[in-house]
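Q: From just these sequences and the hints, can you work out the full model?
One line per chain: the protein sequences are A and B, in this order. Taking the UniProt record's numbering, the leading residue of the first sequence gets 1, the next gets one more, and so forth. Taking the UniProt record's numbering, the leading residue of the second sequence gets 1, the next gets one more, and so forth.
Hint data in this document are derived by calculation from the structure and do not stem from the laboratory. Nothing here was measured: the structure is a model prediction, and the numbers come from that model. Ideal placement from N, C-alpha and C gives every residue a C-beta, glycine not left out. Hints are supplied without guarantee of correctness; some may be wrong.
Okay, the calculated bits of chain A under chain B, using three or more residues with CB under 8 Å as the criterion [as the list claims (entries may be wrong)]:
#1 133–139
#2 182–191
#3 214–222
There are 2 protein chains.
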Amino acid sequence: MRRCRGYRMTMSRDQDDFQRARRPEQKLLRQTAILEAALRLAQREGIRDISLADIASEVGMHKSALLRYFETREDIYLRLGVDAWRDWSDVLAAKLKSLATGDVQGIGEAFGTTLDDRPFLCDVFTHASLNLERNVSVENLFGFKLAAHLSIKSMAAAVRVILPDLSEGDAQEIVGAVSAVAASLRQIAHPPPAVAQVYAEHPELALGYDDFAATVARFTETIILGTRARNQI
Amino acid sequence: MRRCRGYRMTMSRDQDDFQRARRPEQKLLRQTAILEAALRLAQREGIRDISLADIASEVGMHKSALLRYFETREDIYLRLGVDAWRDWSDVLAAKLKSLATGDVQGIGEAFGTTLDDRPFLCDVFTHASLNLERNVSVENLFGFKLAAHLSIKSMAAAVRVILPDLSEGDAQEIVGAVSAVAASLRQIAHPPPAVAQVYAEHPELALGYDDFAATVARFTETIILGTRARNQI
Numbered sequence: 001m002r003r004c005r006g007y008r009m010t011m012s013r014d015q016d017d018f019q020r021a022r023r024p025e026q027k028l029l030r031q032t033a034i035l036e037a038a039l040r041l042a043q044r045e046g047i048r049d050i051s052l053a054d055i056a057s058e059v060g061m062h063k064s065a066l067l068r069y070f071e072t073r074e075d076i077y078l079r080l081g082v083d084a085w086r087d088w089s090d091v092l093a094a095k096l097k098s099l100a101t102g103d104v105q106g107i108g109e110a111f112g113t114t115l116d117d118r119p120f121l122c123d124v125f126t127h128a129s130l131n132l133e134r135n136v137s138v139e140n141l142f143g144f145k146l147a148a149h150l151s152i153k154s155m156a157a158a159v160r161v162i163l164p165d166l167s168e169g170d171a172q173e174i175v176g177a178v179s180a181v182a183a184s185l186r187q188i189a190h191p192p193p194a195v196a197q198v199y200a201e202h203p204e205l206a207l208g209y210d211d212f213a214a215t216v217a218r219f220t221e222t223i224i225l226g227t228r229a230r231n232q233i
Numbered sequence: 001m002r003r004c005r006g007y008r009m010t011m012s013r014d015q016d017d018f019q020r021a022r023r024p025e026q027k028l029l030r031q032t033a034i035l036e037a038a039l040r041l042a043q044r045e046g047i048r049d050i051s052l053a054d055i056a057s058e059v060g061m062h063k064s065a066l067l068r069y070f071e072t073r074e075d076i077y078l079r080l081g082v083d084a085w086r087d088w089s090d091v092l093a094a095k096l097k098s099l100a101t102g103d104v105q106g107i108g109e110a111f112g113t114t115l116d117d118r119p120f121l122c123d124v125f126t127h128a129s130l131n132l133e134r135n136v137s138v139e140n141l142f143g144f145k146l147a148a149h150l151s152i153k154s155m156a157a158a159v160r161v162i163l164p165d166l167s168e169g170d171a172q173e174i175v176g177a178v179s180a181v182a183a184s185l186r187q188i189a190h191p192p193p194a195v196a197q198v199y200a201e202h203p204e205l206a207l208g209y210d211d212f213a214a215t216v217a218r219f220t221e222t223i224i225l226g227t228r229a230r231n232q233i
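A: This is the structure:
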């Protein structure tokens, strides 16, 4: 076994401060600092371009030290994803509380604006099944899947207060579909420079999805109305 | 300028055969061989894991020689994407021709089965905005965007033959939404091993999207019914 070196209690960006944490509260402080650094980087550059080495450098730790707290970069972003799902669910449910019964447009707007405010969550939607879920232990993956599931359930319940005609299954499917679509729509609404140039020169080729919040709102309404219509067939 | 070496007309996997092509028909043969190799690899392993070096090795060329025919690996996959969009559009339009007026379920099934038969196209949907469109010239990007646009237009026109109440804009939006969603749904329906294990142990966490064709069909119907319902408000 390697000998543990000493530690100090203060948190700073100085690399010396990140010796192995011996006490639970210290471990938590380290983990929090790592998560905050990873989130900062992802908000600035997007999850896809951030490596474990980038996170280690941002937080001022050695990569090997960082791996005492998290399995992989994917693990770090899935843990942040857990918080992002919960935060979205809480804020959306609170927003829905102010709506009158039957206000489908209000629900659409609530989904559109809350997702528009959450580029990191949309980035997690995009990269979860594509990358993040491929490089973590089953145990930590379960934590992420559970958080997503509970968030969807809680948002679905909030939707059903406004639209009591929807079944629990219908409402969950609507929330699931909106989050699945938000991933694609966000990519389309924020095209890379070459694509933006093509659209500028040939506006007829753009899908007209450049207003992300409005597109998500419209899509949410369509899905709700379609689900209701199917139930009436 | 470098001196061109000799060439032979026959196509084989022998590296010597891929000297610089001087005549247009030879250039086309080389391009076709490269595209076929790239497609084979993507069908076997998925676009995300294939590098330019993999393609060069599969076709039996040097990477530098391959770059005489294509700009980047992304360029190769966008060119294949052009064909994949056109093929889908042709097959879907032919399938829709057999449907009776108003057959929303039939349209849903046609979208579900044709996309289920096209894992490579769904892979293009996923990776286009995420990766492929980020590393090609504006000129080649335009070719891809145009093919996607014309394919959507042609499928939308075929949908309107069955559902004449839809406007051209509505029909195009429906086709666009289905292809955007197919990207997410395919990832969810074909989870990596760790995710499959979590779902097996905790079936309540699965979104119930494991039958891709049925999910796309159902989603297509919902979107159509929702679009119609919105028009009636």
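Q: Counting residues of the region 133–139 of chain A with a beta carbon closer than 8 Å to any beta carbon of chain B, are there 3 or more?
A: holds (count 5)
Q: Using a Cβ cutoff of 8 Å, are there at least 3 residues of the region 214–222 of chain A near chain B, or does the coverage claim fail?
A: holds (count 3)
Q: Do at least three Cβ atoms from the region 182–191 of chain A come closer than 8 Å to Cβ atoms of chain B?
A: Holds, because 6 residues of the region 182–191 of chain A bring their Cβ atoms closer than 8 Å to Cβ atoms of chain B.
Comparing the model with each earlier hint shows no violations; every hint is respected.
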